[in-house]
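Produce the entire structure from the sequences given, and follow the hints as far as they go.
From first to last, the protein sequence lines stand for chains W and P. Using the numbering used here, you'd call the opening residue of the first sequence number 1 and step up by one each time. Using the numbering used here, you'd call the opening residue of the second sequence number 1 and step up by one each time.
Because the hints were derived from the structure by calculation, they are not lab data. No experiment lies behind these values; they were computed from the predicted model shown. Worth double-checking, as some hints may not be accurate.
As the list claims (entries may be wrong) - List time: in silico DSS-like cross-link candidates among lysine-lysine, alpha-carbon distance up to 27 Å: (1) P/Lys9 to P/Lys57; (2) W/Lys67 to P/Lys71; (3) P/Lys57 to W/Lys42; (4) P/Lys9 to W/Lys102.
Below are the chains, spelled out letter by letter.
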Amino acid sequence: QKEVEQNSGPLSVPEGAIASLNCTYSDRGSQSFFWYRQYSGKSPELIMSIYSNGDKEDGRFTAQLNKASQYVSLLIRDSQPSDSATYLCAVNIAGYALNFGKGTSLLVTP
Amino acid sequence: NAGVTQTPKFQVLKTGQSMTLQCAQDMNHNSMYWYRQDPGMGLRLIYYSASEGTTDKGEVPNGYNVSRLNKREFSLRLESAAPSQTSVYFCASSEAAASQETQYFGPGTRLLVL
Numbered sequence: 001q002k003e004v005e006q007n008s009g010p011l012s013v014p015e016g017a018i019a020s021l022n023c024t025y026s027d028r029g030s031q032s033f034f035w036y037r038q039y040s041g042k043s044p045e046l047i048m049s050i051y052s053n054g055d056k057e058d059g060r061f062t063a064q065l066n067k068a069s070q071y072v073s074l075l076i077r078d079s080q081p082s083d084s085a086t087y088l089c090a091v092n093i094a095g096y097a098l099n100f101g102k103g104t105s106l107l108v109t110p
Numbered sequence: 001n002a003g004v005t006q007t008p009k010f011q012v013l014k015t016g017q018s019m020t021l022q023c024a025q026d027m028n029h030n031s032m033y034w035y036r037q038d039p040g041m042g043l044r045l046i047y048y049s050a051s052e053g054t055t056d057k058g059e060v061p062n063g064y065n066v067s068r069l070n071k072r073e074f075s076l077r078l079e080s081a082a083p084s085q086t087s088v089y090f091c092a093s094s095e096a097a098a099s100q101e102t103q104y105f106g107p108g109t110r111l112l113v114l
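Pasting the structure below:
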C-alpha cells in the first residue's frame, strides 16, 4: 500500500497567523499532488494542485512540493475562522489512482 | 450547472438488504469514481470508470458492484448490505483518468447499515 501521511491534529492557530499543513508520501513515482478542504459533513473541495518541485501560490494559499524529500505542504496566510476544516492531502501515482491521507484538522481561533 | 449530484443523501438499511446509490455529473467528464470515507481511514477508492463502457476495481471493491449507465451516470450497488458498509459514500468525476486531472466530488450519501 502506498502511504500518504498527515498529522491528524487538531492544529490550532490564532486568526491572522500562518497555518502550515504537512504531508509525506511513500511512492517516489507519485506525479501529482492535491490539497482538498473538507468542512464537517460536507464533501472535499479542491484548494490547490501542484505537479513540479517548488512553490505555487494562489491567494492566501501556497503549496510547496519537494519530491526528493517526498514532502508536500500547504501554507495558509492570514488564517480566518472560516478556514477551520479538515485538509486532505491526495497523491496521484499514475492515471486514475488518488491516494488520500487521513486529513489534518485545522482550527482557527478568533 | 449542478456539478456532481448524488441520491439519496441519507439511507438506513438492515443487514442483507440491497440498494443502489446514484451519481450523475453534468460537466461532460469522461471519468467517474466511487469512494467511501470512514473515521480514521480517509477516503478509499471502491470502483472507478475511466470512460463510458469501462469499470475497474479500486482499493476496496468487495461487496459492491457498479454500472456506468452512460457518460453522465455511474451507480454503486450493494447487493447484501453489511454493518461494515456503514460509511459516507462520495462520487467524483474528472475530465480524464490522468494524473493531473482534478477530481470533483458530489455531496455524499450517508449510509447506516443496522
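Hints violated by the structure (listed by number, smallest first): 2
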